[in-house]
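K.L.:
So you can see what is in the structure, the chains are spelled out below.
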Amino acid sequence: MTDIVERARSQVLERGVGLGYDDLVEVLRLPDERIPELLEVAHAVRLKHCGPEVEVEGIVSLKTGGCPEDCHFCSQSGQFTSPVRAVWLDIPQLVKAAEETAATGATEFCIVAAVRGPDERLMAQMRDGVRAIREAVDINVAASLGMLSQEQVDDLKEMGVHRYNHNLEAARSYFGSVVTTHTWEERWETCEMVRASGMELCCGGLVGMGETLEQRAELAAQLAELGPHEVPLNFLNPRPGTPFGELPLMSAADALRAIAAFRLAMPSTILRYAGGRELTLGDLGTRDGLLGGINAVIVGNYLTTLGRDADEDLALLAELKMPIKELAKTL
Amino acid sequence: MTSREFCGLCGKEAAEAGHPDCIVLLALEPPRYCTRCGRRLKVQVTPRGWSADCIEHGPLHG
Ligand code: SF4
Ligand SMILES: [Zn+2]
Ligand SMILES: [Zn+2]
Numbered sequence: 001m002t003d004i005v006e007r008a009r010s011q012v013l014e015r016g017v018g019l020g021y022d023d024l025v026e027v028l029r030l031p032d033e034r035i036p037e038l039l040e041v042a043h044a045v046r047l048k049h050c051g052p053e054v055e056v057e058g059i060v061s062l063k064t065g066g067c068p069e070d071c072h073f074c075s076q077s078g079q080f081t082s083p084v085r086a087v088w089l090d091i092p093q094l095v096k097a098a099e100e101t102a103a104t105g106a107t108e109f110c111i112v113a114a115v116r117g118p119d120e121r122l123m124a125q126m127r128d129g130v131r132a133i134r135e136a137v138d139i140n141v142a143a144s145l146g147m148l149s150q151e152q153v154d155d156l157k158e159m160g161v162h163r164y165n166h167n168l169e170a171a172r173s174y175f176g177s178v179v180t181t182h183t184w185e186e187r188w189e190t191c192e193m194v195r196a197s198g199m200e201l202c203c204g205g206l207v208g209m210g211e212t213l214e215q216r217a218e219l220a221a222q223l224a225e226l227g228p229h230e231v232p233l234n235f236l237n238p239r240p241g242t243p244f245g246e247l248p249l250m251s252a253a254d255a256l257r258a259i260a261a262f263r264l265a266m267p268s269t270i271l272r273y274a275g276g277r278e279l280t281l282g283d284l285g286t287r288d289g290l291l292g293g294i295n296a297v298i299v300g301n302y303l304t305t306l307g308r309d310a311d312e313d314l315a316l317l318a319e320l321k322m323p324i325k326e327l328a329k330t331l
Numbered sequence: 001m002t003s004r005e006f007c008g009l010c011g012k013e014a015a016e017a018g019h020p021d022c023i024v025l026l027a028l029e030p031p032r033y034c035t036r037c038g039r040r041l042k043v044q045v046t047p048r049g050w051s052a053d054c055i056e057h058g059p060l061h062g
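Chains as they are written, first to last, in our numbering: chain A, 1 to 331; chain B, 1 to 62.
Derived from the structure by calculation, the hints contain no laboratory data. All C-beta atoms, glycine included, are put in the ideal place defined by N, C-alpha and C. There's no promise every hint is true.
Pair by pair, the computed Cβ-Cβ distance ranges are [stated by the list, open to error]:
| no. | chain 1 | residue 1 | chain 2 | residue 2 | range |
| --- | --- | --- | --- | --- | --- |
| 1 | B | R39 | A | D309 | 28 to 38 Å |
| 2 | B | A15 | A | L47 | 50 to 60 Å |
| 3 | A | G245 | B | E16 | 24 to 34 Å |
| 4 | B | H57 | A | P52 | 41 to 51 Å |
| 5 | B | E5 | A | T181 | 32 to 42 Å |
If you want a taste of the chain B side facing chain A, the calculated C-beta under 10 Å gives, among others [said to hold, decoys possible]:
| no. | residue |
| --- | --- |
| 6 | F6 |
| 7 | L9 |
| 8 | A14 |
| 9 | H19 |
| 10 | I23 |
| 11 | R36 |
| 12 | L41 |
| 13 | Q44 |
Bound-form chain B, shown alone (with noise of 0.2 Å):
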């Protein structure tokens, strides 16, 4: 993926790099919201992973 438009976490616009203090807390969160276009995603956690689901972009997988 080239460009960020949204962060994964808070869901609020954010430059390419994302937001800092989001990433250090995406290490114990799946991510909720759809970097590409800011929507809640769908998301499953399981035992050693996650799945998460955008209704316009499809499914991200961790």
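For reference, chain A alone in the conformation it holds in the complex (with noise of 0.2 Å):
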């Protein structure tokens, strides 16, 4: 049996093909004097197969709070005793956070709302403001609005949307401990819609919520294996009310393990920093994980916390000499 990053190499690296389950457990398992050639496999990979390009995103949130749903991670579900309160962004607002957005040269805005899936009053609203930003700034518009009828798939493409966001959150094993709401196999549903309408499918998850080394593989292979453009990876920030809010942070070797599986998965995708990153990794780590196989970032805030301050994001950028894709090839 070859080495493990000896094979990542030879499979991976040179042949494009990602690692499966059992090779994804082997990563998320070496010891941390291993890490560094790891990271570099995986900083390898994404460069060969990806190239040396960095997609920058931004996200706000147009309807906050008050989920029906039970995301054992999340603050926003109404079924916990979160302090986050229910509230809406208006038109002008939003248009504005896209202008903010476009200003780091950004080239992805992602409008996300906490529900179970849109009503007719969110889809409404998501008209009219997909159309005032596309009027009023270059920038790609993306959607995250929980789960979709064939005809809300139809709808948000024609409206332009270009990506859709909706994640497996965790591997299909530990789903039950994460949700009790909604199924896992409901959001692979959504996810396959998204995927053959055209839009550009983005699906990833949260690492560091209780779950195994066998079931943070198991999210990865899952993820591979439903091939998604882009996957935003997670690290859980425990949140103060939510089931989940008395778990531990993840180390940050762990979370490097784990951002390094994930490419070492899906060589070609974007796997972008979401949440979490900043309690987790910290300002040496997320130079790590972007030396690791990360090629796309978050700038600014997030839904309901605050992310670093986006300049010193694109300052690293800059320094790591990685270049901010542009809007004409993402479009």
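Using the hints, build the complex out of the two chains.
P.N.:
Right, dumping it as structure tokens:
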């Protein structure tokens, strides 16, 4: 049996074939002293199969809080005693958020709503919002509005939404410990519909929710099977009042192994730093991840929490000589 | 503002300086409670800022 890092080199780097479940478990079990060589291979894979560019995105919450679902990591569920109150963003504020995002050089602006799936009111707000943004700002508009019907998929596509986010959140075998109000299979179905529509599919999940290493590998393998255009990787930021509010933060070493594993599972996908990196990885770890498989970032704030200053991230990308992907190349 | 009576992060009563642990966390969180009355705020986070509103004491920005 060859060494797992060597196997990653010959299979993923040379041939562009992602690692399967068993190999991913091995990657996640590598000892700390082997993390540098693991990240080096993952970075080489990213450079060879994606290029040096980094895709920059901003996100904003169109409808915050009061969600009927019970995702145990989420401060926006109406089922927990989280301090987050329900609030809606109006269209002028939405356009302003898109302008602020574009000003950072970002090419992606994702509109997010805390819902099980969109209702008439939300779809109407999206229609007006997307139109207003497209008239005022040069940026790709993405959306994340929960589970969709086929009709809603078609409507969003027609509005000009170019990418849709719907995460698997967790491995199939762990999902029941994370969400009880809908199933993993329902999530998968929405993802399939989005992909079939021709919109780009953005689908990722969270790590550090108490899953085993095997389940972490399982999530990466299941995402690879789905084959999304983009995978946002979140590190649990335990939110007060939620069922996962008392879980310990994932260690930076585990987070870096997870980044490398996701990259080695999906050599050519856009692998994005999403929530939780500030706490889990800090400044040093953030840099290590960008040199270990990550090729996309969310700049600025998240939906209910604050991120690093966008300027700090942009300065880091410049220092690492990673150009920001331009709009022309993404359209 | 002169006197802080409630912690903006956890909403519990706080002396003038606030809760030291909560102040650290407020680097990565907008406030969730009004420091004057302890009510939950309506908070909107945007890519480069946040705004919050107390039903009694009006808007705050950051
Ligand atoms: S569906 Fe989305 S907003 Fe609602 S609880 Fe789950 S993660 Fe939070
Ligand atoms: Zn406090
Ligand atoms: Zn008040």
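K.L.:
Verify the interface restraint on F6/B: the C-beta must sit less than 10 Å from at least one C-beta of chain A.
P.N.:
12 Å, violated
K.L.:
For the hint on L9/B, does the least C-beta distance to chain A fall short of 10 Å?
P.N.:
Holds, because the Cβ-Cβ distance from L9/B to chain A comes to roughly 9 Å (cut-off 10 Å).
K.L.:
Is 50 to 60 Å right for how far apart the beta carbons of A15/B and L47/A are?
P.N.:
53 Å Cβ-Cβ, so the 50 to 60 Å window holds.
K.L.:
So, as I understand it, the hint says I23/B touches chain A; can you test that by seeing if any CB pair is closer than 10 Å?
P.N.:
14 Å, violated
K.L.:
Mind checking the hinted window 28 to 38 Å against the Cβ distance between R39/B and D309/A?
P.N.:
Holds, since R39/B and D309/A (Cβ atoms, about 29 Å apart) stay within the stated range.
K.L.:
That 41 to 51 Å hint for H57/B and P52/A (C-beta), does it hold up?
P.N.:
49 Å, holds
K.L.:
Can you tell me whether the CB distance of E5/B to T181/A sits inside 32 to 42 Å?
P.N.:
38 Å, holds
K.L.:
Report holds or violated for the interface hint on A14/B, using the least CB-CB distance to chain A and a cut-off of 10 Å.
P.N.:
15 Å, violated
K.L.:
With a cut-off of 10 Å on the beta carbons, see whether H19/B makes it to chain A.
P.N.:
13 Å, violated
K.L.:
Against chain A, run the beta carbon of R36/B and see if the smallest gap drops under 10 Å.
P.N.:
16 Å, violated
K.L.:
Against chain A, with CB atoms and a cut of 10 Å, does the hint on L41/B hold up?
P.N.:
7 Å, holds
K.L.:
Taking 24 to 34 Å as the hint, is the beta-carbon distance of G245/A and E16/B inside that range?
P.N.:
28 Å, holds
Violated hints for the displayed structure, listed by number in ascending order: 6, 8, 9, 10 and 11.
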